[in-house]
Structure formats: C-alpha cells, structure tokens
Amino acid sequence: MAEWIDACATDDIDEEDLIRFDHGDRTFAIYRSPNDEYFCTDGLCTHEQVHLEDGLVMDYVIECPKHNGQFDYRTGEAKRAPVCVNLGTYPVKVEGDRVFVEI
Amino acid sequence: MSGIVIIGAGECGIRAAVTARDTGYQGPITVIGEETALPYERPPLSKPDDSGAVEKPITTLEALSEKAIVLKCGVSAIAIKRDAQEVVLSEGGSLPYEKLLLATGSRPRPLNCIGGDRALVLRTIEDANAIYAAARTAKHVVIVGAGLIGLELAAELRTRNLNVTILEAGPRPLGRNVPEQFATKMALRHQGAGVGIVCNAQIASCTDSGVVLNDGRIFEADLIIAAIGVVPNTELAASAGLTTENGIRVDSRLMTDDPNIFAAGDCAAVKTAEGTYRRYETWQNAQAQGEVAGRNLAGGNALFDIPVWFWSDQYDLGLQGVGDTSGSPAAIRDLGKDAEMLFFFDDDGALVGAAGLGRGNAVAKDIKIAQRLIGVRLDAAALSDPGHNLKKLLRAA
Chain A
1 MAEWIDACAT DDIDEEDLIR FDHGDRTFAI YRSPNDEYFC TDGLCTHEQV HLEDGLVMDY
61 VIECPKHNGQ FDYRTGEAKR APVCVNLGTY PVKVEGDRVF VEI
Chain B
1 MSGIVIIGAG ECGIRAAVTA RDTGYQGPIT VIGEETALPY ERPPLSKPDD SGAVEKPITT
61 LEALSEKAIV LKCGVSAIAI KRDAQEVVLS EGGSLPYEKL LLATGSRPRP LNCIGGDRAL
121 VLRTIEDANA IYAAARTAKH VVIVGAGLIG LELAAELRTR NLNVTILEAG PRPLGRNVPE
181 QFATKMALRH QGAGVGIVCN AQIASCTDSG VVLNDGRIFE ADLIIAAIGV VPNTELAASA
241 GLTTENGIRV DSRLMTDDPN IFAAGDCAAV KTAEGTYRRY ETWQNAQAQG EVAGRNLAGG
301 NALFDIPVWF WSDQYDLGLQ GVGDTSGSPA AIRDLGKDAE MLFFFDDDGA LVGAAGLGRG
361 NAVAKDIKIA QRLIGVRLDA AALSDPGHNL KKLLRAA
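Sequence lines, in order, name chains A and B. For the first sequence, our numbering gives the first residue as 1, with consecutive numbering after it. For the second sequence, our numbering gives the first residue as 1, with consecutive numbering after it.
Just so you know, the hints here were simulated from the structure itself, not pulled from any lab data. Being a predicted model, the structure only gives us computed values, none of them experimental. Hints are not guaranteed to be accurate.
Unchecked claim - DSS-like, lysine-lysine: derived pairs with alpha carbons at most 27 Å apart:
hint : chain 1 : residue 1 : chain 2 : residue 2
1    : A       : K79       : B       : K139
2    : B       : K271      : B       : K337
3    : A       : K79       : B       : K81
4    : B       : K271      : B       : K81
5    : B       : K56       : B       : K67
6    : B       : K185      : B       : K337
7    : B       : K47       : B       : K392
8    : B       : K337      : B       : K391
9    : A       : K79       : B       : K337
10   : A       : K79       : B       : K391
11   : B       : K72       : B       : K56
12   : B       : K47       : B       : K139
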C-alpha cells in the first residue's frame, strides 16, 4: 500500500540535479528540475541496475552514469539506447520545505 | 527487392539496423552475424558472476521482428560482388544490397611467440567462458598485456584469489590511452591487491608450466591469457578492392571508396579533420558510429565527429575518459573522496579531452559535462576549483 513518505528537504537537492533516496529495501531517485519542480523515479537504471544517483541531469533528462542511457524523469520514458525499458515513477508533493513521495 | 545489408551483428551492426529503420527506411534490412548466439554486449564479458560470463542481449528477436529487421546468426559473408551489389553467404546463395554496411569488428591479436597458441584470449562469450572455466582450477595466471582488458581480467581473477602476474612489453601499464598519473594509480591499486606487474617484458615462449621471457626469467602459469590488443577484420573489404590500412578507410560519413558501402565500429578507420585516419575500439564508438552509419544507409548525410568515450571498472575503481587525453593536463580537479578529473586543452585553450578516476561512478557526471564542453575554450582555474560548478561552464558555453 503506497503512502506518502517525507523524503528530504527541498534544498537537499540542487537545482537540475538529483539525490538518492532509500526506503525499506527499495531505492529511488528524487529530482529537482531547472524550474524548481520535484519528481521521483526508481533508483536503478533498467539496463544494468546501476544507480542513477551519479548520473547527469540536463533539463528533464537523467543520463545513466554508466552507459549513457537516458530517461525523461517526469514520465520515466526511456529516451536513448541502450535503455529500452521505462523507469517507474512516483507521485511527489512539496509541503513547506519538505519533499514527500508516494511509494 | 534489394535493401540494406549489414555484415556484423554486434553493438554497431544492430545499432545501425535499428537506426536505419527508426530514421524511416522502408526497404528490407538484413543483419548477418558470424556468431551463433543472439547479439550480445561485450563489456560484461570481463565482469562475470559466479556461474561464468554474463550473456546480456543487445536486443530481442521480438524487438527486431517488430522493426522488420531480419537477423541471420551463424552465417558469414564470404565475398562482396560490388558490380552486382551482392554479398555471397557461407550458407550458399547471396543477398542483394542497395546499401551495405561492414561492421565486421576486430579479433584479438594473437600472441606471436613459441607456444603462443596456449594463451587464451577474450573477445566472445565462448572465450570468456573458457577463461572462467580454466580459472576455477588454475592457481597461477599470467596475463600478457597491461591494457584495459588485461587489467580488468587481472582485477577479476585476483578477486577470485588466483595468483596473477601481468607481463607488459611497454615501459608502463595502460600506455596507449590513459593519462600517466591515472595509469600509475591503477597499477598501484593492482599491486596493493597482490597482482605482479612486470614491464618491458619480452616474451620468448609459452610452455606447459609457464611463460619464459627473452632475458630468461620464467613465470609459472597454469592459465595464460593474451590481452595485447585487436586486429580489425578488414579481409572481406580488402578482397572486394576497398582501401584498407589498419581498418577499412571511410570518410566522416563512414562511406568507403564505394558510395554504396559503409564501414563502422572497430573495423573502420575514419578520416579526421587533419586528413589522417583513426580507428576507435570502444563500446560507445560502436554505438555512435552505428547510429551515423544507420542514418546514412537510410539515405541521410550524418557525420561522425563526436568525441569517443570509454570506461573501465577495476576493483572498486571507475576510470572514464573522453576525447584526446594525451600530453599534460591543463587543469586538475579534486572531486574529494580520492576522485579526480584531468582536463586537456589544445594550443588555443579549448578542451580536447578529459579523464576521471574515482570509486564507483564518482567521476561519471563530470565526464558527461566535459564531453559536452569539448571544443569550448575554458578557464583552467575555474576547472581546477572544486567550488566552481561545471554546469555553469556548460550553460555559459
């Protein structure tokens, strides 16, 4: 059953960047867009299970640190080979200076 | 009707086929692969799991079938009839082509000494499985060649508690494409793990019991691996009268002397802006050239000019490089936690290459930014200042 989890403070994430968020035995990536919006996806790339935390965020795209696969982190859509399986995405809300994810 | 024929079903050939179709090409696309296995990625071959080499498919038959790409595995091309625009197949018969791509790859350079055929090599999934099967009973491994493949295998086999010695003909490990300070750090990491590295080693012979050097030194080995580079597979092109010299010569569109024949990946020697020819042997190059070739097979006019990028994982260390990293770095950036980036400039102060070394993927983000900054004139002081955000340089570029 998904529930809202207090994941981090809004300024824990640099603009146009991401952080890793672990909860239970699951791992996620939380993004802050250049327009100050927040998003959440699965933490591991669908290609070789590499964590996206060391990847590069450019606009709305996260590039995997390993093999340059790209995803749109708003929708999880795989954008460039070698990735072909989309990332799971999760609802995010901001209350005050806290970021909540529904996972 | 004739269509696109691609010889070689590795990363490059498959990428080209998919790109040609995604670009809108409507005709038949056929990929011929010599290996019987479905197309698989080679990078995982040096990173096995407990049961042996990991076979990671590049694509699935369903995905190819959805794109109407025909894959013929276990078939090789034995001749190209350029006048008739046909490829003669090993299984008999021939395939007509409108455009042909040679993505024939490369093969391991054989160890040229007495008993050199005792050395195993790493290229295919069968090669990898032969090495890991032998490693289960071996005690002493000698790896000939301290390049990236040799060092990756050394790290893997040392982690399995084998006694590992690397014999390198040159004066230092990783002499060909890794900045000297990183090569030194990597060598120290290996030596710290107990791997012996012997440079300036000229091999006289391989025997039942080990490897003998010209100077008489003997290194005991019950497993010998040769990792001394690759030779491009150019024979098919040469016998069809195309120009080859350390690779099949192509222009920046990846077109050979024959406007209907292209070459890409490990086998292609691409003309540079300076008029010389360069061959690249990285996974990312196979992918990038495959995409350029795919567009041009479909009638496009794409040019190959992006900097080539590579990575290598050894123990807990991740090494990455992009572009030209020869000479002395113009700027050194300390990323903390033992991670470091080196930036290389041309005479005008423009970035030509960068390399990074750190734990895991610590340098990945900065390498990706550097890749986007190639060709841009940069301030060495800003690059060297860890407090200066590299993305700001990118936005300003």
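Hints versus structure:
1. A:K79 with B:K139: violated (46 Å)
2. B:K271 with B:K337: violated (40 Å)
3. A:K79 with B:K81: violated (39 Å)
4. B:K271 with B:K81: With a Cα-Cα distance of about 25 Å, the restraint between K271 of chain B and K81 of chain B holds, given a limit of 27 Å.
5. B:K56 with B:K67: The given pair, whose Cα atoms are some 20 Å apart, holds under the 27 Å limit.
6. B:K185 with B:K337: It holds: about 14 Å lies between the C-alpha atoms, which stays within 27 Å.
7. B:K47 with B:K392: Measuring from Cα to Cα gives roughly 36 Å; hence the hint is violated.
8. B:K337 with B:K391: Holds, because 20 Å separates the two Cα atoms, which is no more than 27 Å.
9. A:K79 with B:K337: Violated: K79 of chain A and K337 of chain B sit about 32 Å apart, past 27 Å.
10. A:K79 with B:K391: Answer holds: K79 of chain A to K391 of chain B is near 22 Å, not above 27 Å.
11. B:K72 with B:K56: Answer holds: K72 of chain B to K56 of chain B is near 19 Å, not above 27 Å.
12. B:K47 with B:K139: holds (19 Å)
Consistency with the previously given hints fails for numbers 1, 2, 3, 7, 9, ordered from lowest to highest.
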